Amino acid sequence: MQPTFSSSRILLPVRPWFIYLSLIVALLLNFLPTAHWPGMPDWVALVLCFWSVREFRRVGMGWAFILGLLMDVADGAVLGQHCFAYVLLAFASTSLSRRLLWFPLPQQALQVLPLLLLTQVVQMLMRLAVGADFPGWGYFVGPLIASLLWVPLTFVLLLPQYQPVEQNPDRPI
Amino acid sequence: MAGFDHAPPPFFKRGPAPLALLTFYTLLSLAVFVVDLRFRSLDLLRQSVALVVDPVQRVAQTPGSLVDYARNYLEGIRSLQLDNDELRHAKLSTAPNLLRLEQLEAENDRLRKLLVVKERENAKGQVAQILYTARDPFSRKVIVDKGQQSGVVAGQPAIDEAGVVGQVTRVFPFSAEITLISDKDQAVPVQIVRSGQRSVVFGLGNGQMELRYMPANADVQVGDVLVTSGLDSVYLQGFPVARVVNIERDSAYSFARIFAAPIAGVENFGEVMILDPRQPLPPPPPEAKSRGSDGSDKPGLRPKKKRAAKGN
Numbered sequence: 001m002q003p004t005f006s007s008s009r010i011l012l013p014v015r016p017w018f019i020y021l022s023l024i025v026a027l028l029l030n031f032l033p034t035a036h037w038p039g040m041p042d043w044v045a046l047v048l049c050f051w052s053v054r055e056f057r058r059v060g061m062g063w064a065f066i067l068g069l070l071m072d073v074a075d076g077a078v079l080g081q082h083c084f085a086y087v088l089l090a091f092a093s094t095s096l097s098r099r100l101l102w103f104p105l106p107q108q109a110l111q112v113l114p115l116l117l118l119t120q121v122v123q124m125l126m127r128l129a130v131g132a133d134f135p136g137w138g139y140f141v142g143p144l145i146a147s148l149l150w151v152p153l154t155f156v157l158l159l160p161q162y163q164p165v166e167q168n169p170d171r172p173i
Numbered sequence: 174m175a176g177f178d179h180a181p182p183p184f185f186k187r188g189p190a191p192l193a194l195l196t197f198y199t200l201l202s203l204a205v206f207v208v209d210l211r212f213r214s215l216d217l218l219r220q221s222v223a224l225v226v227d228p229v230q231r232v233a234q235t236p237g238s239l240v241d242y243a244r245n246y247l248e249g250i251r252s253l254q255l256d257n258d259e260l261r262h263a264k265l266s267t268a269p270n271l272l273r274l275e276q277l278e279a280e281n282d283r284l285r286k287l288l289v290v291k292e293r294e295n296a297k298g299q300v301a302q303i304l305y306t307a308r309d310p311f312s313r314k315v316i317v318d319k320g321q322q323s324g325v326v327a328g329q330p331a332i333d334e335a336g337v338v339g340q341v342t343r344v345f346p347f348s349a350e351i352t353l354i355s356d357k358d359q360a361v362p363v364q365i366v367r368s369g370q371r372s373v374v375f376g377l378g379n380g381q382m383e384l385r386y387m388p389a390n391a392d393v394q395v396g397d398v399l400v401t402s403g404l405d406s407v408y409l410q411g412f413p414v415a416r417v418v419n420i421e422r423d424s425a426y427s428f429a430r431i432f433a434a435p436i437a438g439v440e441n442f443g444e445v446m447i448l449d450p451r452q453p454l455p456p457p458p459p460e461a462k463s464r465g466s467d468g469s470d471k472p473g474l475r476p477k478k479k480r481a482a483k484g485n
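Quick note, the sequences are listed as chains W and E, same order. Heads up: the first sequence runs through residues 1 to 173, numbered per the numbering used here. Heads up: the second sequence runs through residues 174 to 485, numbered per the numbering used here.
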């Protein structure tokens, strides 16, 4: 099994249920008590970004909006805060997706970082505008760690799509 | 079998343009944001989404609480015995006061009746378990396991064994959200025990609280205990709220900056007691009402104002 992405590698088509499962798992990860630890990434934003880069026909702004609504209710935040940030994230990663996939994985991670930072900054600005306090710089450590996780995340989420490396030429499928 | 669909691949069927979608969803989420913040009219939407999210969230919190439970269990009998001894000791040392409390309350009731003062309200409530703290880094809220099903309504105060913890701000079918008193701009009307002076204490959002609008020469000392004054119709009188920890008096400002730390274990997990809503206060006296609706305070001030306007 080949651990890195390369354009010479042809992937199997993605299974829709796997996309939905991964998004639900990301939600669960966000609900875990570990979400209060400093520097924990926003898993939903990360997985949403991944799928809107890879499969922008299936996962787009509609999903971003619904996931944002769920996160808002779960967080006890103002409704619409995560919605807006996730919708922007989905739009940005969809429009960058054709360019992004040309790069090797570490450089992809570097380009994903500003998108994830944007998500946090947008949420912070929305709350600051209505009278909240600055939550501290620790709030921006999450996206840094999330972009470091881009490489392992790509490997894990593409696992069901990899084909075996040594193929039997008599049986191509 | 995924590759053997007979329908042509949807090359040309892409739905609305991305920019149109972006505009639509952006406007929708901003509208939801404003409506939720300003008008608070989306509680039904929030409650129905919470009905789906809440069980999932509880399941996600289970591993953590299991670890807590296991740790408590393994801490063992030794610490239990220590606790037990301590509690017995504490009980004994408070016994003289407690034993007479009943008699004192009865006496107080009788005296109040003699003076024709309204009787003190009794504090009643229900115990609720804190499930988890809300993940929102901009506010300080906790979720407890009692909701509409247990008759909790928004506005009820929550206390723990030491003092006031917060106030119920949102109610869901099976859970409720308590905003802690240390949340930013969460206000509690208080009274200084030593001097009897009334004021309002505000949360600062960083775990501390501030006593605002106290004159620079106000009689406040470090260590003063603030208890609820009972002037609002929310908190009963006399629950400890905070202790003054720091006072900055600067003659450049007309108000002193007085910082206080909450007395209750506001940031701790555990159990809280949600007190029943207070009986409604008597309506304000009629003469104050008529003065307020009149719009002007004293008839003597009117000619002055007119003269001033003419002079300009």
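Among the hints, a few may not be true.
Label pairs and their in silico Cβ distance ranges [as the list claims (entries may be wrong)]:
no., chain 1, residue 1, chain 2, residue 2, range
1, E, TYR242, W, GLN161, 25 to 35 Å
2, W, VAL25, E, VAL366, 23 to 33 Å
3, E, SER214, W, VAL25, 30 to 40 Å
4, W, GLN161, E, ALA335, 53 to 63 Å
5, W, LEU113, E, ALA263, 46 to 56 Å
6, W, VAL25, E, LEU224, 13 to 23 Å
7, E, LEU217, W, ALA129, 19 to 29 Å
8, W, PRO160, E, GLY249, 41 to 51 Å
To be clear, the hints were calculated from the coordinates, so they are not data collected in a lab. Model, not experiment: these values are computed from the prediction. Note that beta-carbon positions come from the ideal geometry of N, C-alpha and C, so glycine has one too.
Status of the hints after comparison with the structure:
1. E:TYR242 to W:GLN161: 25 to 35 Å: 40 Å, violated
2. W:VAL25 to E:VAL366: 23 to 33 Å: Between VAL25 (chain W) and VAL366 (chain E), where Cβ atoms are some 52 Å apart, the hint is violated.
3. E:SER214 to W:VAL25: 30 to 40 Å: For SER214 (chain E) and VAL25 (chain W) the Cβ distance comes to about 33 Å; the hint holds.
4. W:GLN161 to E:ALA335: 53 to 63 Å: For ALA335 (chain E) against GLN161 (chain W), whose Cβ atoms are near 56 Å apart, the range 53 to 63 Å holds.
5. W:LEU113 to E:ALA263: 46 to 56 Å: Holds, at about 54 Å.
6. W:VAL25 to E:LEU224: 13 to 23 Å: Holds, at about 21 Å.
7. E:LEU217 to W:ALA129: 19 to 29 Å: This hint holds: roughly 25 Å between Cβ atoms.
8. W:PRO160 to E:GLY249: 41 to 51 Å: 46 Å, holds
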